[in-house]
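Protein chains in written order, with the numbering used here: chain A, 1 to 448; chain B, 1001 to 1448.
Source of the hints: derived by calculation from the structure; they are not laboratory data. Incorrect hints may have been included.
Which stretches of chain A does chain B cover? Using the computed rule of at least three CB atoms under 8 angstroms from a CB of chain B, they are [as the list claims (entries may be wrong)]:
| # | region |
| --- | --- |
| 1 | 25–31 |
| 2 | 237–244 |
| 3 | 265–279 |
| 4 | 294–308 |
From the three backbone atoms N, C-alpha and C, an ideal C-beta is built for every residue, glycine too.
2 protein chains.
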Amino acid sequence: MQTVESKSEKIFQRACEVLPGGISRNTVFRDPHPDYVQSASGCYITDVDGITRIDFANNMASLIHGHAHPAIVEAVIEQLKKGTAYTMATEIETQFAELLCNRVKSFERVRFMNSGTEAVMAMIKLSRAFTGKPKIAKAEGAYHGTYDFAEVSQTASPENWGDIDSPNSVANTKGTPKSVLDEVVIFPYNDIERTLSILNRNADKLACVIIDPVPHRVGLVKGEQEYIEAIYDWTRKNNSLLVFDEVVTFRVGYGGAQEMYPVSPDLTALGKIIGGGFPVGALAGRADIMEMMNPRFGKPAFPHSGTFSANPITMTAGYTAMKLFDKEAVTNLNSLTQKAIQQIQEAIKIADVPVSITGAGSMLRIHLKANPPKTYREAYQSKETQKVLKNLLDYLYYKEHLLLVNTCTCMFSTAITQKEVDILSDAFLRAFKELREQIISIQKEVAV
Amino acid sequence: MQTVESKSEKIFQRACEVLPGGISRNTVFRDPHPDYVQSASGCYITDVDGITRIDFANNMASLIHGHAHPAIVEAVIEQLKKGTAYTMATEIETQFAELLCNRVKSFERVRFMNSGTEAVMAMIKLSRAFTGKPKIAKAEGAYHGTYDFAEVSQTASPENWGDIDSPNSVANTKGTPKSVLDEVVIFPYNDIERTLSILNRNADKLACVIIDPVPHRVGLVKGEQEYIEAIYDWTRKNNSLLVFDEVVTFRVGYGGAQEMYPVSPDLTALGKIIGGGFPVGALAGRADIMEMMNPRFGKPAFPHSGTFSANPITMTAGYTAMKLFDKEAVTNLNSLTQKAIQQIQEAIKIADVPVSITGAGSMLRIHLKANPPKTYREAYQSKETQKVLKNLLDYLYYKEHLLLVNTCTCMFSTAITQKEVDILSDAFLRAFKELREQIISIQKEVAV
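Given only the sequences and the hints, what does the whole structure look like? Please build it.
Below you can see the structure in the form of structure tokens.
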């Protein structure tokens, strides 16, 4: 692209010699090469070639206060000087667990871990231990981390997803044992009738039904209240657990996305924002279920440890971040995001493009179709649509200097103000005008 | 124990209301309650009640330089001010991968993650993806993290371990699906004949054979050279991979414990010390295998991401720690540990107790039996032995103010000096004398 090699290009060439594909996380890959960060502050992020962008991705939704928030930096430095991890307990793990339990009705006990992947894995293992049943049920297309049971059908496609009345269990990783696929039951999100029918056919085997209340990869569409209630009722009748993956969605409300519903999950997996910018995962829920992890009276039914679990740096950063993300902060952030949605919808109207927006709380996702998708199969993107979406993201990134999640999703932070929202909607307007023909050209295909 | 309630007791009472069993990691639990850390520096760790202990556990072997090493603190603070995690790449991930690849012959490519558990899970998934085979083989009693396939038979006992010629696959967590147990083949560590015979019976299904070269829970006994070579040869002939879990043992040599052998593993799981005190995991190995994670040309065979994987704080701390742990530092640390072993052996002789020591590099483990165990079944502790071991650990912890890993294992750090080694061996001498009768009383039982 450029004749003079950029600093990022040079680093990437070295990276290709030591990292597979030159990258360390699939989500940071960008063609022809990723850019490398020099520093970041609040909602601004500057790369090694001196380009500053506004950050609407916030490390995949994990930085609720943006970068290097002074209160978090200060608290972490204080702890850092006293050590980062011990083979002993620290008070801050109790304080942080108290904060979370006070905040969410369904949280009676908490166990901390190192990632959302670990939290979902622990949630599934605990569900099996508690119910004595081997299978799990999950929504087609939903992302729940990289535990192989949890990732089944995450990237199902028209070639392999099968009949909607009984979706196939599709391997996400090559070589996933057939025995793993057989333990996972797939249902179409927000489709009550089909979901209940599928659950009924597996009633005696299901340890839990996993629900992300606003599943990003399914389309960032809210689980309808009637749907969540129906699954809750089903689990009560069938000795199964309703478990939520709120790794991403905990930001949606003061008490997580679960406070949108009159029913509560038995267990909840957490991650992302509760780490205050540091690696974190957590499992929270009913005391009687969590009790199976208690090691005080001999080997527990579900033994669980982890070298860095509940390390005081993550606990300190997470506690500080979540204290700052109080009721008022949640309300303000969600209002600002609503404002952004309105302004982008205005841009859609002015540019006259068939584009729609989904989301909840401080999250929004752009879809290149006139009507917002309601299911994974509706949200599914053909190769052609993916190409146009990449052009849109590249336009925003290279021309407008805006960093979004690679699904064209914004995950807001409290560091964003009306000024950045205006820049965002103006940029979208220019992008929509620029790419109008491309966006229109893929509509026929989308309708199929 | 005390009439006046300690600060730790008070915190623990609060913890019991929000954490299962009042603890956040099984390894930090201590009866009647854990103590809570106030601060730590080098090899000294002080609790909230003002008691300072010498730390020979180093957060379960993860702190190679002890607590709050000035160079690590300084480097982390500098990064902290620039942000802790981004949806973009950072140069330090490449620098750190270069350092690791330069250090170990078998490391051609590296992928970073958040924990040893994640690293082992990724190693198993990648082995399946590369070979197209579903099963794994692992040693009875070996700890490889909490991924359910990896934890099978980790705590097998005489009641369930079965015939040594064909050990049972024993669930570690209640409710582990039978389908998981069926995918895991168990062999007795360091027993060439039986291991090869068991591998042969599963030759067409085995994606990999997992070896920890000095498995802590098996007895902290080195894998014999002949044994490792035999398994290596077997995997060459049977389209299977030899994969090492060096999460704990990477500290043993400058190039990990694997440099003890003439053959190299295809893949290695890392964690602990390479994080410099922060949550970390990594998978390293052959470029052709790691290439299956490359996302540059469409969806890879093994898609892998992770919100906090390769975050620049962990990379900075890990890079700094590993640079400091150079060849000279490794040699000095291992020499000091050898010195400690000699001095404790002297104490054993003086106290005239049937006690033995195993270990390698900067690790040592005490066994309450005259001859060091060579296998998991020999190292297995009855309830009575566990009770005496707990008395020994409590003596060292409460009376001598020494913190060890709860298997009576020391994981040395470079912060430890001859002074602390002398305190350690003197304390062991007093402990052995105090507990001599108890230690002798369990010998008959051990011999069974």
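Checked hints:
Given a C-beta distance limit of less than 8 angstroms, the hint that chain B covers the region 25–31 of chain A holds, as 6 residues qualify and 3 suffice. Coverage of the region 237–244 of chain A by chain B is violated [criterion: at least 3 residues with CB-CB distance below 8 angstroms; count 0]. Residues of the region 265–279 of chain A lying with their CB closer than 8 angstroms to a CB of chain B number 6, which satisfies the three-residue condition for coverage. Three residues within the 8 angstroms Cβ limit are the bar, and the region 294–308 of chain A against chain B gives 13, so the coverage statement holds.
The structure shown violates just one earlier hint, number 2.
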